[in-house]
Structure formats: C-alpha cells, structure tokens
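Trainee: Using the sequences and the accompanying hints, generate a full structural model.
Using this note's numbering, you'd call the opening residue of the sequence shown number 262 and step up by one each time.
Quick caveat, the hints were computed from the structure, so don't treat them as lab data. There could be a bad hint or two in this list.
Unchecked claim - Derived DEER-like restraints, expressed as beta-carbon distance ranges:
{"#": "1", "residue 1": "330", "residue 2": "516", "range": "47 to 53 Å"}
{"#": "2", "residue 1": "304", "residue 2": "371", "range": "18 to 24 Å"}
{"#": "3", "residue 1": "358", "residue 2": "497", "range": "15 to 21 Å"}
{"#": "4", "residue 1": "327", "residue 2": "306", "range": "15 to 21 Å"}
{"#": "5", "residue 1": "306", "residue 2": "362", "range": "30 to 36 Å"}
{"#": "6", "residue 1": "301", "residue 2": "468", "range": "20 to 26 Å"}
Computed from a predicted model, the values in this text were never measured in an experiment. All C-beta atoms in this analysis are idealised placements derived from N, C-alpha and C, irrespective of residue type, glycine included.
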Amino acid sequence: MWPTPLLKLKIGDDVWGKLEYYNPFSRSIKDRTAYYLFKQALVNNSRQIVEATSGNLGVALASLSAIYGVKFTMFIPITAPRVYKVLVKLLGGDVIEGGNSTNDLIPLVKKFAEISNSLHLNQFSNPLNVIAHYQTTAREIDEQLNSVGKTPARIIATMGTGGHLAGISKYFKGKYGDEIEIIGVQPSKDSRIPGIKRQDNGNDLLKEVKVDRVIDVSFEESIQGVINVARNSGILIGLSSGATFAAYDKVKDSKTTVLIFPDDLFKYVDIIEETLKDNSE
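Mentor: Encoded structure:
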C-alpha cells in the first residue's frame, strides 16, 4: 500500500502533491494512522475497539475490523458527511452520532469504552498517530524527492488531529533543521472544512514539534482550491486537500514545495455540485 504517489503538479514552479487517496481502505491518509492503531489493538488482544472520528479513520478501522473479526464502534459528529456513516455500517461497524465535532464526542467515547470493555484508540493523543507518519509519510516524501535530486524547501499540511503534520515536522526538522519550512493549515474562524479543525484549544500531538506558521483558509477558498487543481492538474482532490492548495496560493514562490493531499473528491461530490450550481446562477 505504500508508498503513495508524489505527483509534479502543473501549478507553480516546483510543486508536488502527495496523493494520499491511493491508500486502500478509506482512500485517505488516515489509513496510515488506522494501521498503526489497529496493530496496537491486536497486540493487546482487544476484540472491541471504539474511536471518535470525523470519517476517514472510521472507514479504515471498520475495514481492518472486518478483516480480523474485531467489533468496531464509531462515534461521529452529526455534521459529518453521511457517506462515512453508510460505509462504516456497510463494513459491519456500529455508528453512534452526536455533537457537532469530535471534541464533543471524546467524553462519551471514554465512558462507552469503560462500560463496554472496549479499547479506546484515541487518535488525538496516541503517539502512534505521529509515529505512523514519521516512519511512512515523511520518509516516503524524502526518498521520492531525493530520487529526482531534490529536497523539499517547504511542506504544507492540514491540521485535524495533527498526526501527519507532527510526524512530517519531526522527521524533516530532525534531518534538515530549519532549512525546511513546515506550514499547518486550519479553517478560518466561522468556517467548517471536513476533516480539519482550528487549533485554538491546543493540540497534544503538535506541542512537541515545530510548525513554522499556520495559515487560515475559508471553506470557500478550499472549494476554489479543489477546482483549481482539477482544472490545472487533472486530479480530483478532497476539501482538506483544497485547503492545502489554498494555503500554498497565499505563499507561492519558486521553492520546492510539497502539498499533502489527504483524500479525494468522491465523498464530497454533493458539496461541489451545490457550489458549481451556485456559481453558474
């Protein structure tokens, strides 16, 4: 399943997209975290697992649970795209909806885990979330660019749990120091972008690594990013990927830049359809 492709984009002078929708289970970067967390569950001989997620991690965990005969319960916000709930149920997982964000659900998940004797994987604080991306995502980017005689000058990635940004920062800052700029992307105030969230209340996984700056992106800018990449590079990226491109659009120059594209567009077609309809009226 790894490495996923690193594609030279027809955008900017030297911009590369890490296409994480080539992961097999959820078609997203969350497969990496799910794989590491699920391995821990198997080592612990856990037969029931539970997690709060905005979607992609839940699909990946449901897939792995189906393969290994583990019972999986997903807690997901009411506001999350419906497709995730359908897919987890299809894979045999249980789905519990509540709250407007994963933050609202974590106390419920902890209580549920205690009552049901389930293992709470806790992607938001589990160091395996960072290790997964340190050992796989970051190393792949480094090796892929080195194979064409390059090193990145800048890497841009969105922030949800912070796992992939933390793992990437830890790897590249450790190997190259401040020669490489690490940029995080979060929704602007009053914007909601599926899969990512503002970091106003701190982040357990990011507090131990260096992020050079954080760029706010609106929902509308995220959508425009999806459209721009589709029409310039011919690939269909998801909304958080569109946010990554929108952040790059605010800093673009000639530096070798890697954009992390966490997933593709197919789970968000309804949202894009509405946007294109509104723009044509």
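Trainee: Decide, hint by hint, whether the structure agrees.
Mentor: Comparing the hints with the structure gives:
For the hinted restraint 47 to 53 Å between residue 330 and residue 516, the CB-CB distance of approximately 48 Å keeps it satisfied. The hint said 18 to 24 Å for the Cβ distance between residue 304 and residue 371, and at roughly 21 Å that hint holds. Between residue 358 and residue 497 the C-beta distance comes to about 27 Å, which lies outside the given range of 15 to 21 Å. For the hinted restraint 15 to 21 Å between residue 327 and residue 306, the CB-CB distance of approximately 18 Å keeps it satisfied.
Separated by about 32 Å at the C-beta atoms, residue 306 and residue 362 satisfy the suggested range of 30 to 36 Å. Between residue 301 and residue 468 the CB atoms are about 22 Å apart, so this pair conforms to the stated range of 20 to 26 Å.
Of the numbered hints stated above, the single one contradicted by the structure is hint 3.
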